[in-house]
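For chain A, the structure is supplied; the task is to place chain B on it using the hints.
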Amino acid sequence: MTSVTTTGAKSPPRILQPRLDNWPAAFILAIIISILAIALLPPKASFWVSLAACALAAASAVYNAWGRYKGGLLVAPAIALLFVMNIFPLLWSLGLSFFSYRANRMKPPAFIGLDNYEKILTDPTVWDRLQTTAIMAILTVAVQMVVGFLLALLFSKQFPLRRYLLILVLTPMMLSYVAIGAFFRYYYEPTFGLLSQFVRMFTGEPFILLATTQGAMAGIVFADAWMWSPFVMLLVLAGLVSVPKYLYEAAAIDRLSGWRQFWNITFPYIRGLLMLALLFRTIEAFKLFDVVFLLTEGGPGTSTETIAIYVYRQAIQFNKTSDSTAISYILLFTVIVLTNLYLYLANRRAREA
Amino acid sequence: MAAGGFFRRSHGVGEAGWGRTIFAAVISFIYFFPVLWIILTAFKTMNDVLAVPPKFLFTPTLENFVGVFSRPFSAGADSQATNFDLYFFNSIFIAGSSVFFALVIGTLAAFGFSRYPLKGNDTYLFIILTTRMLPAIVVIIPIILMFRVVGLAGSYTGIIALYTAFNLPFTIWMMKSFFDELSPDVEDAARLDGSSDTRVFLKICLPQVVAGLAATAVFGLILTWNEYLFALLLSGVETRTVPVAMAQTIGGDIGVRWGLLAAIETLFLIPVILVVFFLQNHLLRGVTFGTIKR
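Residue numbers (my numbering), protein chains in the order written: chain A, 1 to 353; chain B, 1001 to 1294.
Honestly, the hints are just simulated from the structure, not real lab data.
A hint or two may mislead.
Here are the computed lysine-lysine pairs in the DSSO-like style, where the Cα-Cα straight-line distance is at most 30 Å [to be verified]:
| hint | chain 1 | residue 1 | chain 2 | residue 2 |
| --- | --- | --- | --- | --- |
| 1 | B | 1119 | A | 157 |
| 2 | A | 245 | B | 1055 |
| 3 | A | 70 | B | 1119 |
| 4 | B | 1055 | A | 70 |
| 5 | A | 70 | A | 157 |
| 6 | B | 1293 | B | 1119 |
| 7 | B | 1203 | B | 1055 |
| 8 | B | 1293 | A | 70 |
| 9 | A | 107 | A | 119 |
| 10 | B | 1055 | B | 1119 |
Just chain A, same shape as in the assembly (with noise of 0.2 Å):
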């Protein structure tokens, strides 16, 4: 720690304030020192370079910290492990968005300001892939909020062995994706897939679900939905089971329809939780990528190419490093607003308990 702060020391940060804890001052100039090194220096040393840069901020940072509070030393390991494998990559691949950089070839990265992203949103494959993730995104978590609101009105009274049911629904949601991803392409699969032997006793022909856009989609979704319904129910249980007993009681004397029991009374208290698993939903789904991989890669064509895959392959599989940079800062961007959006609700709810 000690050492931490004698870095600090000797390179204070020089903008506005020169004063050791001044750490958005600290992280501004890393920043900058990053962002000239990528652009001046070889690869090699202008990781060192800015390495170095962001460790300086980052000490001012925890300066900042441990100078004034307790909980400082506490959160600094912490901080520091999330700077170091996080945030300092995020702000590199932020510099390296300005830029025209291939993984690939030997060539230094060169400035080109904001083309990257003036090509981006002029380019309509991402548009396309953006809405390709927008329609699917809409309609899982749709399908994931009817089936989750159900199941969760299915379980809400007390009945014998309701715990034990619970696990059969709540199983799928801890399964890995890579592992849902697989069998449901094996129970999609057209000649021993149970889907299609399902369709095959009806019709007599084979069904092959994924060699159609709208199939391949519903295939998805069905999965996705599948995997995730439990999720919702769980939020939407835990409003409904905090309805007090005493307004279902006054209900009951006023002989309040159930309908308007639902309405008056229980919706009240899971609207919260509603928008919350909307919201956290959303950003998962947005941010759809192993299911889809494994079970369609993206086809046919890449009609069920949502954009994490077109940034994969843009950025594993064509080395466009800096373009796909360019197009992670703008799922960046969305991701940071919803979460905000989802936090500023759950601690509201927070509060009001």
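Same frame as chain A, but now just chain B:
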């Protein structure tokens, strides 16, 4: 614990009888069917797996489970190394160590965030959670570049460090929610008696959140075990994890060893079902990364 988790006496919609049990059982079994089919597949021979029409009744075999752990996996004439014993070891080792590190670092941080709020505490917590909510592909591109430069690609160190960071936000939020729930009375009393902060943390707070620690560890293990994209892009041949190996198995369309995959997944189901059963009270908190307590 028991059924009381979701039901406080003065709350809830009410009771229903065996009629509801039968109805719920039918729905639950339909819902569980895809998982049930995985379990059945795990006990089938290759021929039964590919049978048309699907077989509900068959002679169970353990050959798939044997195939997971012994190197030569014989399917008919050819015998082939599955290497799944190595992948199992990798998954357990990587998930175990990263969850352990995340738990140590994260619990300290959670205690700090809970008891000694920093200026801009909520902002820190928001940024921490955001790093967990980001699409994996967004985070991984720069990390690949970084690992290539420093030579961590394909090594245990690299992937464990990454997974520790991956588990950290979750651990911090979970543990903070548990620390927040503790009654401050005992702590205040101990402080008045002259206990040091370290002593208060170790002797008073920590013992009260042991269940929370266990829940966090188990959820962390499941999340890490299931993670695919980071492992796909960062693990080498020797550090490959189970999901990556499973995905590779289904890459080639012909001769997919569904029985073997099903056996792997069935083994994984055992801890999952235990978790869903014993940690039902913490499930909501676990799946929402500690943002919603009840």
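Do the hints match the structure? See the list:
1. B:1119 - A:157: 44 Å, violated
2. A:245 - B:1055: 48 Å, violated
3. A:70 - B:1119: 12 Å, holds
4. B:1055 - A:70: The hint is violated at about 64 Å.
5. A:70 - A:157: Violated, at about 47 Å.
6. B:1293 - B:1119: 24 Å, holds
7. B:1203 - B:1055: Roughly 57 Å separates the two Cα atoms, so the pair is violated.
8. B:1293 - A:70: Since the Cα atoms of residue 1293 of chain B and residue 70 of chain A sit roughly 27 Å apart, the hinted pair holds (cutoff 30 Å).
9. A:107 - A:119: 21 Å, holds
10. B:1055 - B:1119: 63 Å, violated
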